[in-house]
Structures are given as structure tokens and as C-alpha cells.
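> Residues per chain are reported as follows:
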Amino acid sequence: MAEQPHGDTGDSPGGQDLDLLGMDLESLRTADHPVLAALVSDLRARVTAPGAEALWGFDNSM
Amino acid sequence: MVQQPKGPGLRPDTTHPGPSRPNPSAPPPPGPAGPEPPALAVSDSPEPEQPLPIRRLPSGPPGSERAAAPAPGGWNASVPPAPGSAVPDDPEPEQPVRMRRLPNGPLGSARPAPPAPGGPETPAPPAPAAFAGPEPEQPVPMRGSPSGPGAVAQPALGAPEVGNSALPAPAVVGQRGDGGSQWPRAEPALAVRPRPQAEPGSAIRQFVVKAHSRCNLACTYCYLYAGPDQGWRDRPRAPTDAVALRTAHRIAEHAAAHRLSDLSVVFHGGEPLLHGATGLAADAERIRRLVPAGCTVHASVQTNGTLLTHDRIAALRDAGIRIGVSLDGGLPAHNRERVDHAGRPSWPAAAAGLRRLADTAPDTYAGVLCVVDLRQDPVEVYDSLLSFRPPAIDLLLPHGNWTSPPPGLPAPADDPAPYGRWLTAVFDRWWDADRRRTRVRLFEECVALLLGLPAAGERLGLQPFTAVVVETDGSIEQVDSLKSAYEGAAATGLDVFRHSFDDALAHPGVAARQAGLAALSDTCRACPLVTVCGGGHYAHRYRAPSGFRHPSVYCADLALLIRHIGTRLAAAVGTGPGRAAAPRENVR
Chain A
0 MAEQPHGDTG
10 DSPGGQDLDL
20 LGMDLESLRT
30 ADHPVLAALV
40 SDLRARVTAP
50 GAEALWGFDN
60 SM
Chain B
0 MVQQPKGPGL
10 RPDTTHPGPS
20 RPNPSAPPPP
30 GPAGPEPPAL
40 AVSDSPEPEQ
50 PLPIRRLPSG
60 PPGSERAAAP
70 APGGWNASVP
80 PAPGSAVPDD
90 PEPEQPVRMR
100 RLPNGPLGSA
110 RPAPPAPGGP
120 ETPAPPAPAA
130 FAGPEPEQPV
140 PMRGSPSGPG
150 AVAQPALGAP
160 EVGNSALPAP
170 AVVGQRGDGG
180 SQWPRAEPAL
190 AVRPRPQAEP
200 GSAIRQFVVK
210 AHSRCNLACT
220 YCYLYAGPDQ
230 GWRDRPRAPT
240 DAVALRTAHR
250 IAEHAAAHRL
260 SDLSVVFHGG
270 EPLLHGATGL
280 AADAERIRRL
290 VPAGCTVHAS
300 VQTNGTLLTH
310 DRIAALRDAG
320 IRIGVSLDGG
330 LPAHNRERVD
340 HAGRPSWPAA
350 AAGLRRLADT
360 APDTYAGVLC
370 VVDLRQDPVE
380 VYDSLLSFRP
390 PAIDLLLPHG
400 NWTSPPPGLP
410 APADDPAPYG
420 RWLTAVFDRW
430 WDADRRRTRV
440 RLFEECVALL
450 LGLPAAGERL
460 GLQPFTAVVV
470 ETDGSIEQVD
480 SLKSAYEGAA
490 ATGLDVFRHS
500 FDDALAHPGV
510 AARQAGLAAL
520 SDTCRACPLV
530 TVCGGGHYAH
540 RYRAPSGFRH
550 PSVYCADLAL
560 LIRHIGTRLA
570 AAVGTGPGRA
580 AAPRENVR
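Just so you know, the sequences run in chain order A and B. Oh and the first sequence: position 53 is 52 in numbering that gives the first Met the number 0, straight run, nothing missing. Oh and the second sequence: position 202 is 201 in numbering that gives the first Met the number 0, straight run, nothing missing.
No lab work stands behind these hints: they were computed from the structure. Fair warning: there could be bad hints in the mix.
Said to hold, decoys possible - In silico contact screen, one side only, chain B against chain A (beta carbon under 7 Å); selected entries: (1) Arg204; (2) Thr239; (3) Ala332; (4) Arg388; (5) Trp401; (6) Asp433; (7) Glu457.
Computed from a predicted structure; not experimentally measured. C-beta: ideal position from N, C-alpha, C; glycine also.
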């Protein structure tokens with residue numbers, strides 16, 4: 000099996016960069032999207048309690 | 000229906016590795032509910048529980064301490080949402096929380112390069128010494144602060160045998176081919192930047208304890224029992240009390256040394272319920288008793304569900320052990336390969352156990368793990384799993400690598416990223432619902448990473464991976480998934496009798512998984528998606544004979560999925576195509 004890079008965006012059709020890193024969670028929370036709104040509540044906990052995610056690193060358990 | 004030819008690769012089941020090989024004399028399949036059925040005999044390998052020469056553990060300090068960790072709110076949080084209902088929003092008034100700002104350095108500058116990380120190709124572990132003599136179970140006192148006089152230097156990376164650390168009190172121990180870029184045309188490039196990473200040598204926060212080395216099922220694709228590493232054959236079926244006690248002391252020692260406020264213990268297998276629910280409860284209680292005051296132990300068990308009787312569920316619930324279940328989908332047809340040793344389907348017992356869990360102990364129900372099977376329709380699999388009201392789902396990619404590709408890879412030219420396509424179909428079903436019907440770990444971690452937030456898991460992100468496994472003989476190993484690469488890939492040469500978990504942190508294979516960008520291939524390091532993808536699951540990067548410094552065999556699939564989620568996320572917040580862009584003060 001040959002290895003080829005797939006993440007290069009050079010030939011991506013859109014061309015436009017999406018930068019999601021500058022968003023703040025409060026704005027996302029009020030987004031008109033029910034799944035995202037629920038998810039943002041969880042993400043807030045990560046910001047307020049950084050490091051806790053390390054408790055759940057092992058993929059083969061829930 | 001997505002069709003997929005049988006591939007040469009292994010299809011993992013995370014949790015409960017199936018059994019060894021078909022056993023014609025195996026007992027009947029596990030029945031539905033009822034009182035604790037006897038554990039099924041599952042393997043023909045011997046029980047090598049022979050005491051070995053006693054060794055004395057010298058006194059010595061463990062590694063350096065780390066700052067206390069915050070309260071967890073992760074995937075196995077103690078108060079899950081009510082099954083069948085949307086996860087409620089945080090009801091408390093909140094202060095605006097901004098994303099962590101990222102350094103604007105070039106890719107690869109996020110963290111210093113560690114000492115050359117070694118792979119997990121390490122010598123086989125020496126036989127652990129046997130426990131000889133009683134060991135008082137006393138809580139481990141907290142050590143001094145990292146900067147205080149009690150602080151001790153962390154063992155150097157790259158030195159697996161760094162000497163024996165001591166427990167504080169008792170000293171007696173015994174013993175893909177590409178396929179081209181066929182991204183949806185509306186999906187633009189994503190700008191992703193490196194996040195700050197934890198320093199190498201972070202404390203281990205997750206302890207995977209093998210409660211039983213055999214399984215009552217014989218799933219045909221199991222990466223553990225049907226894979227290249229057959230080391231399980233030489234291991235005891237269950238840990239002796241000496242191993243369990245020593246493991247608990249080592250966990251407590253690590254919690255004290257690093258001043259951990261939280262840690263998680265995962266009882267795993269084999270099928271861990273073969274150890275008995277009361278046995279797991281006792282093990283969890285012992286660990287909780289030994290860790291320092293103020294350290295919360297989050298315990299869970301990952302089971303195939305076939306042994307989940309009312310009594311066992313109640314025992315686990317009462318012991319504060321959350322229950323995760325592995326299924327291949329929510330219909331009998333999805334679980335055809337999950338059979339017992341006589342080839343009989345496990346589905347009836349597994350489904351009954353899972354329903355029992357959802358009905359009687361929803362607060363103990365952690366969720367469902369499901370391995371992607373390209374032959375199954377993705378939306379049908381997802382919808383059928385929802386019928387079991389899981390508070391969370393995770394979708395795992397079959398273990399495989401460049402040398403032993405997973406089923407369906409190399410991908411055909413007209414379908415270059417079949418796993419990515421399968422997963423994006425589920426994502427859209429989940430994302431487009433009128434409420435969050437369950438949490439889907441893979442997708443939520445991807446969103447977190449796209450937003451520059453901390454993430455958990457092995458498949459995405461550059462965060463250190465700090466989980467270790469304690470086998471039934473006391474050996475300390477890396478996670479089982481590495482065993483899908485080659486025999487002995489998970490071995491460290493360490494064991495709980497002679498080594499601390501700080502010693503494990505210093506093992507080159509463990510250190511490599513904490514090295515972030517520095518451990519990745521040049522291809523990955525140059526990729527604009529690397530901070531989200533993180534190179535993919537470590538086991539999926541393997542290529543013989545060179546090792547793990549390669550992109551994931553799922554590179555095309557991960558790229559497709561990340562771009563798709565990024566595009567849908569951007570559209571949802573008004574910054575991407577498909578949605579009118581409203582002015583947003585905080586969105587660039």
C-alpha cells in the first residue's frame with residue numbers, strides 16, 4: 000500500500016481558508032444549532048478544567 | 000448498503016478482545032438475564048501462575064510530581080445524561096470562555112522535540128516476580144509539592160529500565176494509497192495551528208487493568224485473540240490477589256507522586272466480567288482506599304454485554320463502576336461475527352444485557368463502542384444503536400496498518416476514502432438532528448480540536464497519550480491495539496512488582512506517544528491538518544520493518560472526515576459555505 004499525503008489543501012476546491020480557532024464558546028453556545036449548542040456546554044468544561052480529558056484517552060473503553 | 004470485501008486486515012474490538020480460537024467444547028452461549036451465570040471457560044492455554052523468586056523492592060522515590068488535575072468532565076463522567084434524552088445544556092449562567100490562543104509558530108514549534116522517541120519494539124518483558132508475603136493496605140501519603148524538598152527528578156526518557164521505585168511503606172515484593180482528493184467541493188481548506196502540548200513525562204491518568212485474559216466470545220475479527228500477538232496464551236486467566244494488590248499500590252503511588260486529583264481505572268479483558276462483578280467491585284474499592292485522600296478514582300468496565308445480569312449490574316452500580324458495552328451495531332445482522340466459541344451468535348445475550356443496563360441503571364451506563372464495518376449501512380448502524388439509549392457512542396476504525404491493511408483498503412479509485420465516507424454519513428445524521436440524541440466521541444473530539452480545544456483519545460490530536468495496561472501477570476504494557484502490528488509490540492519489559500508507573504513513563508514506546516508532533520512522519524509534520532489529525536491512531540501508522548513513523552493507513556479517511564466536520568461546523572456558525580455569514584465579533 001502506497002503512502003500519499005491527503006491533508007494538503009493546495010488542490011482543495013474551495014480555496015478559502017476556514018479558521019475556527021478564534022471562535023469563543025459563548026458565541027458558539029448561542030448558535031442556532033441544537034447539537035452544537037449541547038456540545039459547547041461540554042467544551043466549556045474542558046476550558047474550565049483543562050487536563051481532565053487525559054482521563055479518557057484510551058479509545059477502547061467508554 | 001455499503002459493501003465491502005473482506006480484507007486481510009484485522010478488525011478490532013477494543014474492549015473485549017475475543018477469544019483465542021474456536022473451541023468445539025465450549026459451553027453454550029451466555030443466556031439472557033437471570034442470576035449470575037457461571038463464567039464460561041474460554042481457552043485452552045495453561046494457567047502459569049507459578050510463584051517466582053522473591054525480590055525485594057528497594058526504597059526510592061518515584062518520579063517528579065505534577066500539579067493537581069482538575070475535576071474531570073470527560074467521557075466517563077459520573078453523572079451522564081438521562082438515556083434517551085438530549086444532553087441538557089449547562090444551566091448555569093456562564094462567563095464567556097474564549098478559546099485557548101495558540102502560538103503562532105510554525106508547525107512543529109509547538110513543543111520542544113523530545114529525545115529521539117523509540118517505538119514499542121522493545122524486548123520482551125522479564126517474568127515478573129511473584130508476590131511473597133502480605134502487604135498492608137495503607138493509603139499512600141501525598142508527597143511534597145513538585146518544587147518542594149521532596150521533589151524528585153523524572154527518570155530520563157529513553158531508559159526503560161530505570162531502576163526500581165519503591166512504594167512508601169511495605170517494601171516486600173515478590174515476586175493509503177491515495178485515491179485522489181475528492182473532497183466535497185464545498186469544503187474549503189481548514190486553517191489549523193498547533194496547540195500547546197503537555198510536556199513529555201506527563202503523569203499517567205488512565206490505568207487499564209486486565210481483569211481477565213480470556214473471553215467468552217470468539218469474534219472472528221478480534222485483533223487480540225486472532226491477531227499476530229499471541230502473548231495472551233502465556234498469561235494467567237485472572238490476576239492473582241498479589242498482582243491486584245500490587246497494582247493498586249502502584250496506582251496509589253503514582254497518584255501520590257503526581258498529586259493527582261482524578262484518575263481513571265478501566266477494567267478490561269478479555270471479558271472482564273469473567274472475573275466477577277464482585278471481584279471488580281473489590282478491586283475498585285481497594286484502589287480507592289489506597290489512593291491519597293482527595294484523589295477521585297473513576298472506575299469503568301468495558302464488556303461485551305453478554306454477562307450483564309441484574310445482579311452484576313447492581314453490583315457494579317453499587318461499586319461506582321460505570322459500564323461500557325461493545326457492539327457492532329444495534330441489529331443482529333451487524334453482530335454476525337460476534338459469536339461464542341461454538342460459533343453461536345452472541346447477539347441475543349448482548350442485546351438483553353444492554354437493555355437491562357439501560358432500563359435498570361442508566362446512571363451506570365457509560366455508552367457503546369462500535370467498530371466500523373464498511374459492509375453495513377452507516378445510518379442504519381447509528382440509528383439502531385440509538386434504540387439502546389446510549390449516553391455516548393464511539394465509532395472505532397478497524398485496526399490495521401500499511402503492512403496489514405484493514406478491510407476495504409487499499410481503497411478503490413472510485414471510492415478513495417471509504418471509512419471517511421462512512422463516518423461522514425453518520426456525522427451528518429447526528430449533526431442534523433433536532434437535538435443531540437447521544438454523544439459521539441469521535442465527532443466531538445474532532446470538533447474540539449478544530450476549535451483549538453483540548454481533546455481526548457488516541458485517534459485524533461497531538462495530546463500525550465498517558466494510559467498504560469496492567470496485564471493479569473502484573474506486566475505493564477502499552478495498549479492492546481499495538482498488538483495488531485506485531486508480536487510483542489505492546490511490551491515494555493516492566494511489571495508492577497519491580498517498576499513504578501513513572502518507570503513506564505520513561506519507556507521509549509510510552510514516551511513516543513507523548514512526543515506529539517516530534518514523533519510523526521515528515522509527511523504528517525508538513526500537513527496542515529496535523530493538529531487535528533495528530534497522525535491518527537498510533538497502531539494504524541505501522542509499516543514493517545520501519546515502524547510507526549508513517550501517516551495513518553487511514554490518512555485519506557481522516558482528512559475527509561476532518562474537512563467535512565470543519566465545513567459543517569463553519570456553516571453552523573455562519574462562517575462557511577452553506578450559510579449566510581452573519582457578522583460575528585469573535586469569529587475571524
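> It remains to establish, for every hint, whether it holds in the given structure.
How the hints compare with the structure:
no. : hint   : result
1   : Arg204 : 4 Å, holds
2   : Thr239 : 23 Å, violated
3   : Ala332 : 23 Å, violated
4   : Arg388 : 14 Å, violated
5   : Trp401 : 5 Å, holds
6   : Asp433 : 6 Å, holds
7   : Glu457 : 5 Å, holds
Hint compliance for this structure: hints 2, 3, 4 are not met, and every other hint is.
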